[in-house]
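Undergrad: Next come the chains, spelled out residue by residue.
There are 2 protein chains.
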Amino acid sequence: MADEPEAPLEEPLGLSPEHVQSVIQAIDENDLDGVRALVEPLHSADVADLVEQLEPDERRILVDVIRGLVASEVLPYLGEALRDDVVEHLGTKDVAAALAELDVDDAIDVLEDLDEEDQQEVLRALPAFERLQIEAGLAFPEDSAGRLMQRDFVAIPAYWTVGQTIDYMRQTDDLPDEFYEIFVVDPSHRPMGTVPLYRAMRTKRPVLIGDIMESEPILIPAEMDQEEVAYHFQQYDLTSAGVVDESNRLIGAIMVDDVVDVIHEEAEEDLMRLAGVGESDIFWTVAETTKRRFLWLLVNLGTAVLASIVISLFGATIEQVVALAILMPIVASMGGNAGTQTMTVTVRALATRDLTVTNTFRIVSKELVVGFVNGLLFAALVAAIAAVWFGGIALGGVIAIAMIINMIVAALAGILIPLGFDRFGVDPAVAATVFVTTVTDVVGFFAFLGLGAWLLL
Amino acid sequence: MADEPEAPLEEPLGLSPEHVQSVIQAIDENDLDGVRALVEPLHSADVADLVEQLEPDERRILVDVIRGLVASEVLPYLGEALRDDVVEHLGTKDVAAALAELDVDDAIDVLEDLDEEDQQEVLRALPAFERLQIEAGLAFPEDSAGRLMQRDFVAIPAYWTVGQTIDYMRQTDDLPDEFYEIFVVDPSHRPMGTVPLYRAMRTKRPVLIGDIMESEPILIPAEMDQEEVAYHFQQYDLTSAGVVDESNRLIGAIMVDDVVDVIHEEAEEDLMRLAGVGESDIFWTVAETTKRRFLWLLVNLGTAVLASIVISLFGATIEQVVALAILMPIVASMGGNAGTQTMTVTVRALATRDLTVTNTFRIVSKELVVGFVNGLLFAALVAAIAAVWFGGIALGGVIAIAMIINMIVAALAGILIPLGFDRFGVDPAVAATVFVTTVTDVVGFFAFLGLGAWLLL
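Chains as they are written, first to last, in our numbering: chain H, 1 to 457; chain S, 1001 to 1457.
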């Protein structure tokens, strides 16, 4: 149990580029013992990073050298993009043997991301008991608490003493590998409270568990979405939490380290979605990357053509006043940026639940005022630039009015579009960017060119 | 110790909009007992959310009703934007009295975000001992491990038995409120290992601590940046970690719940920076919000004017072929979006350390190929649209070539600009967006209009 090597005390933590280079060199020189010696002192998480850093050919050699270690310890740390590849290289038999040894939640974590065919093959190769356990986990919806939880936990009755509890834990083998609290349950296995380990440890043996437990613990329904689970862990500073079924019976426990991964995933998702990348990963192949990006760029092409159609309405005006063509990107670009600012703050405030029905009106009003004030300021600036550049006061007036209009529209679009998506249950991060910039492009071009046609000809 | 009310078992977790409405109604009716009754069952984190939801006037009334609770329990959960306001309303004396009761890390967390003047006032009002402790914490650089850590931890020698350790913890009052591992230190207080509580709890009394400890624990230097701390917690699935000074002596411990907050903060920072909002908060006042957004929009205005100057070089061409003015936003917009996609993936990969010196060349090559392939596909699409719309094959050819050029440039700019920032130690999220879109705008307009002037006239 003791002396499991983690990062050495004196060396910098993590995987250094020099270490990666040494491994690559050893692989190139076909020095397999050298590879093993370099990899063995590493933490499994760092080995996973190492696997990700290598070229496909080197990667296969490395995986062959440390097959056992990879299958059992490294697979859970490996990113989704490479997992399929590594699982296929290891072979379903070896993977199944390794998964049978893992905690059920880690095994599910590895399995759920595999493609359907590999998943079924691995499941068939598993021993019956482990297969049933994993299938029970996979029966919970994707991204739910049921998939995140571990099935082992410590549950005891409230009438036990601290001494009895400690003796029970010393004698029983069937306990989770890691746990931070003891659950107190009633005879029908419904949680009545929890005792943090540090409290149990500091209490004298004769004291009753019921007297030191936290009653009314925060419990997570098994169907709860992982994003919601992460919210509760963050909001209430949880280290672990019990998971209950529909009859409020304790069926598992979620640990904070798995929630930390969820928080990372969800933050990444929002970032990627706002940038129109959907899911993404730098370890994807060229074909996957091209395909995913193509789809979003296609949507963007549609909105760009829409903007061009608006411009084409004023083709004759542009022929006469070419300054309009020169200045029109400024109006659209400023609107697009102001809209993106408001939208990003809104999407984030929705994710962190700072924006609610209670304060929506107040926040919308504020954004409107901010848009108006910045619209005025930039209207003055841009009008001055236009007037000096093209020597026309009227042109300055046109761009000023168009700027104010577009900045106000940007503020409204930036907050109302994500709010609208959210109210209809659509993730506001997914499509807000394209809608907001379409609005600011169309309004920007229309206002500027329309005013130009009206006032300058 | 027991029965601290958290979220009730049967009710939905968190703060419901209906609950907020009831509080507002009670405040409006001046029913202060009603307010108190509604607030008292809530978790402090939810009370903080409630404070944030209210209008300034209502907020002050609520804070007055629950002054003691707010000062001691709620302040650490309150967002930065409102903390100054609430601290000023509570008065520095009450705040100081409350801070003296908090853990040092929580007190520092509250204090460090206050404006300089309030901070000094509160510090002066603190009892000498607490002031010195907090000032010692504030002496660590902002966002460092030293500010995140708590000063209390359990440290014992390796020659103690499990029984001695348990007895020590039962007898000593001077232990942290919450802890998940016991540190094993040598006589000069350097950490030799750690024992997770669940392991100590499951081991029989006569066993030596030295025999069950994890040697080579992951330790955090006090000056380490919190982003790096968060990386280590995530990478190695930590629940707590010891903090050491320059001589490798144990001086504190960081708990995962504080790291979860850091992960949220850092993810938010990247998101906001990429959108050009810098720091932001929906609870900021109109003046603050306007000012911060103005600065970024001003930078954007500069780049928009640059793009306009490029267009103005081809004013004569546009006058003759107005279709160029109509179509030019398509080339720029597609480039901008493709560049933003690549840039976002790059910024994220740098933050998660997936993009390293080892694989930079491979990933850059991949992005180049993706940009080229999508460039070809969209060149064909856009050429067809242009040819049909304006009936000119030559125009289609011009936009096709410009599109391919700009998509390749977008891919290169999207990855090389953030990489360059990162190599020079600048946060790639801060300014990458504006640089990338400037490049794609300028190149897009120049390539399209330049080719148009050359081939169509």
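Derived by calculation from the structure, the hints in this document are not laboratory data.
This one's a predicted model, so the numbers in the text were calculated from it and none came from an experiment.
For each residue, glycine too, the CB sits at the ideal point set by N, CA and C.
Warning: the hint list may mix true and false statements.
[Unchecked claim] Partial list, computed: chain H residues near chain S (C-beta under 8 Å):
(1) Q120
(2) E121
(3) Q164
(4) K204
(5) S308
(6) L376
(7) L377
[Unchecked claim] Now the stretches of chain S that chain H is said to cover, found in silico as 3 or more residues with beta-carbon under 8 Å:
(8) 1195-1206
(9) 1229-1235
Undergrad: Okay, which hints does this one fail, numbers in order?
TA: 1, 2, 3 and 6
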